[in-house]
Amino acid sequence: MPDYFQSYAVVLAVAVAGAALVAVAFTAGRLIAPKRPLPSKLTTYECGIDPVGKGWAQSQVRYYIYGFLFVIFDVESVFLFPWARVFVKLGWAAVWEMGIFIGILAAGLLYAWKKDVLKWA
Amino acid sequence: MDLLDWVLLVARVVIVFFALLIVVMVLIWFERKVVADMQTRVGPMRAGPRGVLITLADGVKLFFKEGITPTNADRPVYAIAPILAMFPAFLAFAVIPFGTHVHVFGRDVPFQLADINIGILWVLAMASPNVYGIVLAGWSSGSNYPLLGSVRSSAQMISYEVGMGLSLVAVLMYSGHLSMTAIVDQQAGVFHLLGLGWLPFPRWNFVPQFPAFVVYLICSLAETNRPPFDLAEAETELVAGFHTEYSGIKFAMFYLGEYVNTVTVAAIAVTLFLGGWRGPAYPAVIHWFWPLLWFLLKLVLVMYVYVLIRATLPRMRYDRLMSFGWKVLIPFGLVWVLATGAVVVLPEVYGRRAVLVGAAAILGTVLLVSSLPALFTAGKKEQVRS
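As they're listed, the protein sequences go chains B and G.
So for the first sequence, my numbering puts the first residue at 1; every next one is plus one.
So for the second sequence, my numbering puts the first residue at 1; every next one is plus one.
Among the hints, a few may not be true.
As the list claims (entries may be wrong) - Partner residues are not named here, just some residues of chain B that face chain G (Cβ under 8 Å, in silico):
(1) A13
(2) A25
(3) S40
(4) E46
(5) G48
(6) G67
(7) F81
(8) V95
(9) G108
(10) Y111
(11) L118
Claimed, not checked - Here are some chain G residues the structure puts well away from chain B; computed CB gaps all over 10 Å:
(12) L56
(13) V77
(14) P129
(15) L356
No lab work stands behind these hints: they were computed from the structure.
Please read all numbers here as calculations on a predicted model, not as lab measurements.
Heads up, the beta-carbon is just placed ideally off N, CA and C, and yes, glycines get one too.
Construct the complete structure from the given sequences, taking the supplied hints into account.
Structure representation (structure tokens):
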């Protein structure tokens, strides 16, 4: 399939063009931009006062739970895409089966909702 | 393939790449002008006629600015993050068909970089690495505000990515193709709204898939961190969010990446929902020009909607944003996928299918629109109680 490889060759060419843009921009920046580092200039910004701590603060655990939920639903869409491509040929049976699959996942989402996981507090 | 083919291929890539950069420049100017107009200002006026070169001037200025890497920063990651934020946006654009084809040197050159047969999946795959750019930028800065901004936006972007994926699945089910060219072809011709003979309309996916279109528009705003979902860089709370510590070229990369991303998601909306380069009229001169013009007009229209939303809505509260994503968009997306499935496999009896599709679209739209106020009012009671 020459077409198949050709289209990916084009994608590769776009990637090369993007890389070239980045390379040109960074080189130009290095050549033209001034570079006068001072200790006070190199501190991180905290509204003008001296920063406190290393800047790697602890954050809410809730973000982590959303990460979990995302993985579940993203994997679900991995199943959905191939199914969506072929389900017309399989007819009603395929729709029912996907309904059951989505139903189980939706039950999980409802459980998370009931447990107040989705509530930001 | 001989030499001429390769030359044409490289020329195509280079031309489209620069055209994309120019479109991005003009659209940034367009956005600033429209926002200025809505705030009764004149907006940029100095650089070029009516300020159209303002983006170029800003870009050149950024080249002459010192790039500062804070001592706290994780240097390699700090340098890679802006590249990661910009790079995938260009790659996603590679699959968008923006015209038919032009006949040069005895070859048919398509107005599309690559017709990959997994089009929609490619778009989704290239939409996700953007999150890495933002998370790594915030984390590697070694500063508090960028970290908070990046953690926020990562949760926001992954949540809305699920909704976006579900709306794209619905389009895929309705059209039956993954390739972008095939989806544009599927939208050719005319159909009759609600099966009524006197109500013809172009067979564009946004009519039967209107709920999916709305979901896609909302999710694309959240995915590109555009107002009113720009919580990653909420200046009233987080200075400038994930790019607080960035300056010079690296900041320019974030800025460029954000706008290339916006153009790409708008182009995807045009291709999947608004019939791509198809339009009602093609005059018989310069055959390749009219499809391109239609595509650009639709792109500007979608961008205009984005800008209107930016200019009229205040920034969302974070808890409302997240609860809207998980409690409205995702359950609705799941229901809509099943509804689309049912509508598509119902036996094709003349007239019936159109009525069914229309009824589903209207019901879905009513359901979705009636849940939109949640975005602005959710959690109000609790606020009063505390």
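Practice prompt. Run the structure past the numbered hints and jot down the numbers of the failing ones, going up.
Written response: Structure breaks hints 3, 5, 9, 10.
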